[in-house]
Amino acid sequence: MKEVKETSIKSSEDVILARQVAREMAKKLGFGLADQTRITTAVSELSRNIYLYAGTGRVVIKAVSGDSGKGMEIVAEDNGPGIPDIEMVMQDGYSTSKGLGQGLPGTKRLVDEFEIKSKVGAGTIVTIKKWLR
Amino acid sequence: MAKKEVSNISGVLVKKEKEILDAWIKAQADLPAFQKGLITAKQLEEESSRFLKLLVKAVAGGNLEDITAPEYDEINKSLADLSTSRASIGFSPSETTNFILSLRQIFIRILQKEFDDRLDTLVNAGLVFADLLDKLAIVTFEAYVKGREEVIREQQKSMLELSTPVIQVWDEILILPLIGSVDSARAKQIMESLLESIVTTKSSMVIIDITGVPAVDTEVASRLLRTMQAARLMGAESILTGLSPQISQTIVHLGVDLSGFVTRASLRDGLELAFRKLKLKVTKAEG
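Those protein sequence lines, which keep their order, are chains A and B. All residue numbers for the first sequence refer to this note's numbering, where the first residue is 355 and numbers rise by one. All residue numbers for the second sequence refer to this note's numbering, where the first residue is 3 and numbers rise by one.
Bound-form chain B, shown alone:
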């Protein structure tokens, strides 16, 4: 397109900024996202006006095509921030991209008024603007997805950090209920805290329960073995409990040798054994 026409178009945008902004805010206020009350009217106004100002600044030089150019840096960044924050407050992807897409119709209307006597220019301007907005909408969408991924990563992290407590169930008896994957960095830390608890609680029996561990491979098995060996060196006897029939079969097939350690099918059996070894007896109260 001729250079002059492009500057005409961006000129319209600059000139009509206020009018566009008002119409745009109104259009957005009708969208379901706003109706749900996820953001306030004031927020909407501020965000829209900031975006439009940046857009006007970006197109002022006549570049309506290449949004990777430096004059679009600020707008791309602000869009990314906006999407990320909207993703985190619960905007759906379409609601987030609608921020940009709702601008399209308004632009076309304004251009129509401006160029109603020059059809060629109108069509060209409409196409250029629509294209530009599409590109910006993709930026929003990409940032939205990135924002979501961030949320997922955070959740994964907090799941990893879910602390598995070492519980003292009775004098000298500790229980470590393992849940989930025991082959992560988390596992190492759990095992370390178990060994520390043996010292602080002066325990002589440790029950490690793996009912909640979905898979025991050689890595997990070797971690368990090493922990039980370390506990033994500290004078605590380990009882491994919660071995399901499938897991026991798998362990045997893998060739992992657990014969040096006491194992029980259920936590209940393990606890009973620990009581017996400590010469404790659980009896029903009389009366």
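One chain only, chain A, in its complex shape:
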């Protein structure tokens, strides 16, 4: 399946939109209810991070296939301020806003693959993958 859906994040409503797109795609690919919820929640976290810290950005959701079979890849990208210390934000309980500080580490636990690249002043790209099993 060659399917790519892009949602640009500009407002808090777009977070909801990205989430809906993710849930629909997960359902279509055959993910179970629990995984649908995990994927939806992960997308919610990533797109909200874009909205909260960068203001604008985009979330690209696509169906992929690899060694582990079929799956879903989500790329959340922004040109925001970037993250100076990635190790720090990946710790549980660390938050620069008033949040729970569980967003990124929590997201990592919800998915199978997690990759974060960030450059201060240039932006952040988070790529996550969830495989269908």
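These are calculated hints, taken from the structure and not from any lab test. Think of the CB as a built atom: it goes at the ideal place given N, C-alpha and C, for glycine as much as any other residue. It cannot be assumed that every hint is accurate.
To spell it out: a stretch of chain A is covered by chain B in this simulated footprint if at least three of its residues, at any positions, have a beta carbon under 8 Å from a beta carbon of chain B; those stretches are [unchecked claim]: (1) 394 to 401; (2) 411 to 422.
Simulated coverage check for chain A against chain B, where a stretch passes if three residues somewhere in it have a Cβ under 8 Å from a Cβ of chain B [to be verified]: (3) 382 to 390; (4) 458 to 468.
Starting from the known structure of chain A, fit chain B onto it as the hints suggest.
Chain B alone, transformed into the frame defined by chain A:
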């Protein structure tokens, strides 16, 4: 095209305004949109005559090409208003653009009569007019879409404003059934009204039901936690209900700690617990 020819063409339009209007109204009256009764004959007549007057005024200076010029300001605005109002009363996009497009044939007929001995002029005039009407039709269409977007935005807004009531189900027991996205500005207001209700109803138990919440991420979880903490400070105990198996798993994965709060799978269980804590008993009436 030669300047003289252009002024010839606009001259025809000015001269034949009445004739064009009559034919145009007649043509529009045959269209399905009018047959459906979405607008009255009087409305149709008024709108058509106003538009034609503005068009005559706009082309009088000889400009038949650039509709962004100031002489077209009024006509563009009136077209936009017309489309928006038609979108809101249920005209389809094609029905709305037909307002302009139905004018094309009539123009061509009139031009044909006028220039039947000069084929070159006729063809040129026809093309110029058709082009002008196409441009105006696009204006209508754009305005139509904008009008529709406006309607959608309004609906979104009213959905956000859907009030989630805080319900007092029994003395000292409040229920807050959360539905939809709890990460909007609406959520904040819901939570505030819950805290106020605790005071006004002197409640000591609060049941927050999230059966209707599709996704609980850290933002939603932190809102819930903060509300329950605030309620606790006010002396009310919270019971979080409606946690589906998927949502509970997700919450655990995210690492959100709800252990300090009482949770139940269903609203029913939550209510039962609240009754028990208040030493209330529901029994079947005898007889």
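Against the structure, the hints:
Check result for the stretch 394 to 401 of chain A against chain B: holds, 4 residues qualifying (beta carbon to beta carbon below 8 Å, three or more required). For a cut-off of 8 Å, the count of residues in the stretch 411 to 422 of chain A with a CB near a CB of chain B stands at 0, and the three-residue condition is violated. Counting residues of the stretch 382 to 390 of chain A whose C-beta sits closer than 8 Å to any C-beta of chain B gives 3, which meets the bar of three, so the coverage hint holds. With 5 residues having a Cβ less than 8 Å from any Cβ of chain B, the stretch 458 to 468 of chain A passes the three-residue criterion, so the hint holds.
This entry does not satisfy hint 2, going by the numbered hints stated previously; all others are met.
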